[in-house]
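If you want the building blocks of each chain, they are given just below.
There are 2 protein chains.
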Amino acid sequence: MKLTVKLQDHSYPIFIERHALEHVADFLDPHRKYVIVTDDGVPARWVDLLQSQLSDARVITFPCGEANKSLATYESVMEQVISSHLTRKDAIIALGGGVVGDLAGFVAATYMRGIDFYNIPTTVLSQVDSSVGGKVAIDMAGYKNIVGAFHQPKAVLIDPETLSTLDQRQVSSGLVEALKMGLILDERLVELFEQEPLDLDTIIARSIDLKRAIVENDEKENGQRAILNFGHTIGHAIESAYHDVPYYHGECVGMGMLFFLPDPTLRARVQRILERLRIPATPAYDPKALRAFVEHDKKGQGDSVRAIVVDHAGTCRIEPMTYDQIETILERSPYEK
Amino acid sequence: MKLTVKLQDHSYPIFIERHALEHVADFLDPHRKYVIVTDDGVPARWVDLLQSQLSDARVITFPCGEANKSLATYESVMEQVISSHLTRKDAIIALGGGVVGDLAGFVAATYMRGIDFYNIPTTVLSQVDSSVGGKVAIDMAGYKNIVGAFHQPKAVLIDPETLSTLDQRQVSSGLVEALKMGLILDERLVELFEQEPLDLDTIIARSIDLKRAIVENDEKENGQRAILNFGHTIGHAIESAYHDVPYYHGECVGMGMLFFLPDPTLRARVQRILERLRIPATPAYDPKALRAFVEHDKKGQGDSVRAIVVDHAGTCRIEPMTYDQIETILERSPYEK
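Protein chains in written order, with this note's numbering: chain F, 599 to 935; chain C, 599 to 935.
Just chain F, with the same shape it has in the complex:
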């Protein structure tokens, strides 16, 4: 299946195909010079499979984990790219999850003021969402994605087979972002989560196609793209507050969505899906402490946030809320009838 992201200056394809990684020459020129950037959480079989099909591809590996989406790792990868003598005609391939895509993408965006970038996501989260959109970044001074660029990939290659080496918790966490897409935009996608068995390939394709449409309408995130933050306002705060548990990002987004589903019937429906995915229940928390994390996360941008609220599955609205209103919402249990 091939989708096309149509942007003003740089349209690009998204290929979604089980076993695509076994014949990459159908999707990119195997005779260009590449650097493959990956992390040590990606099984060697996928790295070797990719590298073996390219005539000139060096592999740069960094330790996995959000802590490595740092300037120090950026410097290390950049120095290795420089020592590989990549030119403006060569390209960088990201092979991994969101951290790899974000970091390798930022290296590609800034090496020689920008060279070609291919993204081959190998986690659910990156396959259903983050690999498309061109947002690349690293973290600094405790702020996520505070330093980065917009740098669209030349192509995105999604092979659901690469998910076979993930554990179930990673898969479920990533699927929450697809569920999020369904809740804000597409009730049919929500229904896919209620079928037996789960049709992973269809969920991925439907979700990334929604992401594609949003990115086309709002490349630089000035407006509509904000709805993708559904579940993230409080979700990010939970992720930060409980980072030593740790919860997975998607688990926190799942918890965070429940606060912005005012209809009890829909909330119960979403809760059933989250339980099926074995997303943990929201832990006991201090509303004031979580509110402080929400404020920190917004980087001091004014005294309100744009909360995303879903009244009916498949539609959403943006509602500006003060931090006091957020605290009021936090004071209610997300499971309140």
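There are no misleading hints in this set.
Where chains are identical, the list cannot tell them apart; a pair therefore holds if satisfied intra-copy or between any two copies.
With a Cα cut of at most 25 Å, we get these calculated PhoX-like pairs of lysine-lysine:
# : residue 1 : residue 2
1 : Lys631    : Lys742
2 : Lys631    : Lys687
3 : Lys687    : Lys742
4 : Lys604    : Lys687
5 : Lys742    : Lys886
6 : Lys752    : Lys631
7 : Lys752    : Lys604
8 : Lys687    : Lys752
9 : Lys600    : Lys752
These are computed hints drawn from the structure, not numbers from a lab.
Given the structure of chain F, go ahead and fit chain C onto it with the hints provided.
Only chain C this time, still in chain F's reference frame:
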């Protein structure tokens, strides 16, 4: 005087006016929140003059010199920008020479994936050339400008009065870049260098207007912009080889131009201008050693360079040359009749 750089998505003005820095409210909104990035080579009188006219502007100062166009300085400035809680609606102002513009511009290009950037150049080189064009960068692993972005300023404010605190050698070095502009594009500008006394304001305006036209035609440096490298191929090599003298950048460009002026009459004319500007004569050098610096500078991009050759003042041509041909040129003295 106001020029406009017309680009597809982001046109911006260049204001050229003696004493403009005394009334900046005519050029930018004094009530926005700003961070002013400068270095300790910029006299406090200019920094204070600017800051005193803005209602909310923090100053970040780093040590002057090309050595500080580094990732370490980038990190330090970025951390201070983060701690200032700049939002996407705020802006960064560069006040200084090319190093300040490049570094502050790269911070602006990557903070929150890009915020507004104003450039107030205070050296001749940045006033006649580097402040317009949107090329921002830092150095890494011994390569100049290897890491960077294209990020056009919102406006450029050129006040020739700020040059009054420079010493004559700095002024002359910067003027070589304006002379370069004349040689490749505009004989009238070359003639301005033969008048008594030098009309600095006219030279600056004429030179930056030529740069504006080139940038408009070739925003991302795919083609025509390459002619701006006239004098730089060998000039950069001299700058690197003799970095412990040290020569100024413009001095090296002046030396480097002489190698690519095949007409002896024109070469003698340019030599007279360089002598008037007190640009030092090219030192004795080892052709093979300089050739190695040329190759290093090109970052391993193929086995030839695009040399810029000026046959007649005001016109130029691009001539691909192998490194062997460069070495042959180096084996002749630049002062050969």
